[in-house]
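**Q** In terms of mature numbering (1 follows the signal peptide of the UniProt record, and there is no 0), the sequence shown is residues -17 to -1, 1 to 457.
It is worth saying that the hints were derived from the structure and are not from the lab. Accuracy of the hints is not assured; some may be wrong.
Said to hold, decoys possible - Cut-off 25 Å, straight-line C-alpha distance, at most; resulting in silico cross-link-like pairs (BS3-like, lysine-lysine):
id, residue 1, residue 2
1, 301, 327
2, 104, 322
3, 301, 267
4, 267, 48
5, 305, 327
6, 287, 247
7, 322, 305
8, 301, 322
9, 247, 104
10, 39, 325
11, 267, 104
12, 104, 327
13, 104, 287
To be verified - Label-pair distances were calculated between CB atoms; the ranges are:
id, residue 1, residue 2, range
14, 302, 275, 45 to 55 Å
15, 229, 305, 15 to 25 Å
16, 337, 238, 36 to 46 Å
17, 241, 55, 13 to 23 Å
18, 332, 303, 42 to 52 Å
19, 229, 338, 26 to 36 Å
Just so it is clear, CB atoms sit at the ideal spot from N, CA and C, and this is done for glycine as well.
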Amino acid sequence: MRYACLLLPLLIVLVLAFSLNRYVDLSYSAAQASGRSSEFAAAAQQSGSTLGEVRKTRVVIALVKGPTAQPSQEAEEACLTAVLTACTALGSSGCYSQQYSSQAACQGCFADAKGKYIKHKHNYILPLKRAIPVLQHLGWTHIQVVNVEEPASVPALQQAELIIAFARIVVGYDTDAANALLARYPAARFVAIDTIDWATLYDVMDSAVDNARILAVWKHSILNPIERNNGPLDTQSGAVHMAYIRGFPVRMRDPPLSPVVLQKMAAMTSHVFAFRYPLDYSGKVQYARFAGFFRRDPSLWNPKPLQERTFDVAFVGKMSYKYSPEIGQHRTLAALAVKRLKRKHPHLQVHLGSSFDLPDYLALLLDTKVFISPYGMGEWSYKDFEAIMCGCVLIKPLPKRITAYPNIYEEGCSVIGVNASFIDLEPAVLQALSDPVASAGIVTAGQEMLRTYSDVEHYAHDVDRALVQYLTAS
């Protein structure tokens, strides 16, 4: 497995080179994202006329914030360059795009016209707006984006045959259910985008997802195998990953989700797009500082090789979670494991901290060989992407139990896995440090996944394949 993964970046490049306008050739990426390769293959065997008819479906992407127009690539490049040039104070208090939204180079470039910070939850849907030109080229000639907060969106939503929107407004689980899109537009089918942090299906959606008009639920990560959604679950949150921590009460989902409902879940959204397209999130430096990684520009991004880095191991994160004692205990176990490692191997350069200002945190990642990223409110963390982009070997608890888009959690390929209690952290770290060739391959595999799957054309092909599958089956 280790040496096979060293070839992954080359395989990704070859797939991209031969996949344009070929329906089957991108099945690796979409199947990986959803875990349902046989269904994608079946959809690919439909005749050209059938595919053409399916792609004539009237699709509406329903935003809840910001303008629906997309600025040109040239305008975005000019704005991002202006932000990066003007933004020299990288500290947490000094560099947010509101300061630059009035610059001439940035007019019309922010997802929020006023330059206000777009919350990270919009990472799940804004990439679809970017994908529209590619989807139209593939034959989706009746696809459009609307802002559901604007009255002008109503006619398009009334005529839509498929609506892609946040799950909370599709089923109304945090609002009046009578005003949910599912109730207001009874002729439409839906792809519901779940924005909850964890890979488990949010249990308030259980009954709604059983509705045949909800064709799919897209998440940034899903459980592997998907049947884990039925339990054991953390009693309070309903999240599976919090139930991995011993000593806390658990429950089973009652009633359990049916196989039909379980198969509706797919990993088809991602936070990686915030780093690739930071202007969608108001150019916040948390994302924009990684522009050089995606541009492959050594003047902006030229990290040191692993063997030249100062810190062998690093862990940064808060220990106390007010609403989740399970996660607090989990992170404390990680910190204790790091301390034991340092005591037993005093020659190792170890960093253990609770927080950092942005420039110091980035400098640490760029000077660290192995980075430990425990769970937060979800299995996934921004630190996972940040560590990989900075060239660290990522260590993650139980990565085999989740599938993400892109699936950076392939154990032994793009991540090293450990137990949720971190009892096996020592051998995992020592193995990574003792085999620099394999470790460099893990880093490269993860980086190429992030670059490839954040490309809007690649994403559009995966979306195309998924929508064809859903609509053909329904």
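**Q** A separate judgement is required for each hint: does it hold in the structure or not?
**A** Going down the list of hints, with the structure as the test:
Distance check on the hinted pair: residue 301 and residue 327 sit about 24 Å apart at the alpha-carbon level, within 25 Å; holds. Simply put, residue 104 and residue 322 have alpha-carbon atoms about 35 Å apart, too far for the 25 Å limit, and the pair is violated. As the CA atoms of residue 301 and residue 267 are separated by approximately 22 Å, the hinted pair is consistent with the 25 Å bound. Proposed proximity of residue 267 and residue 48 is supported: the alpha carbons are some 17 Å apart, at most 25 Å.
Restraint check for residue 305 and residue 327: the C-alpha separation of about 32 Å exceeds 25 Å, so the hint is violated. For the hint pairing residue 287 with residue 247, the CA-to-CA distance comes to about 42 Å; that exceeds 25 Å, so the pair is violated. For the hint linking residue 322 to residue 305, the alpha-carbon distance of about 24 Å falls within 25 Å, and the restraint holds. Simply put, residue 301 and residue 322 have alpha-carbon atoms about 15 Å apart, close enough for the 25 Å limit, and the pair holds.
Simply put, residue 247 and residue 104 have alpha-carbon atoms about 21 Å apart, close enough for the 25 Å limit, and the pair holds. With a C-alpha separation of about 60 Å, the suggested pairing of residue 39 with residue 325 is violated against the 25 Å cut-off. Proximity of residue 267 to residue 104 is assessed by CA-CA distance (about 14 Å); at most 25 Å being required, the pair is judged to hold. Only pairs whose Cα atoms come within 25 Å are accepted, and residue 104 paired with residue 327 is rejected, the gap being roughly 42 Å.
At most 25 Å may separate the alpha-carbon atoms for a hinted pair to count; residue 104 and residue 287 exceed this at roughly 32 Å. Between residue 302 and residue 275 the CB atoms are about 32 Å apart, so this pair departs from the stated range of 45 to 55 Å. Between residue 229 and residue 305 the CB atoms are about 21 Å apart, so this pair conforms to the stated range of 15 to 25 Å. At about 41 Å, the beta-carbon gap between residue 337 and residue 238 stays in the expected band of 36 to 46 Å.
Separation of residue 241 from residue 55 is about 46 Å and departs from the stated range, judged on CB atoms against 13 to 23 Å. In this structure, residue 332 and residue 303 break the distance hint of 42 to 52 Å, their C-beta atoms being roughly 27 Å apart. The beta-carbon spacing between residue 229 and residue 338, approximately 27 Å, falls within the hinted interval of 26 to 36 Å.
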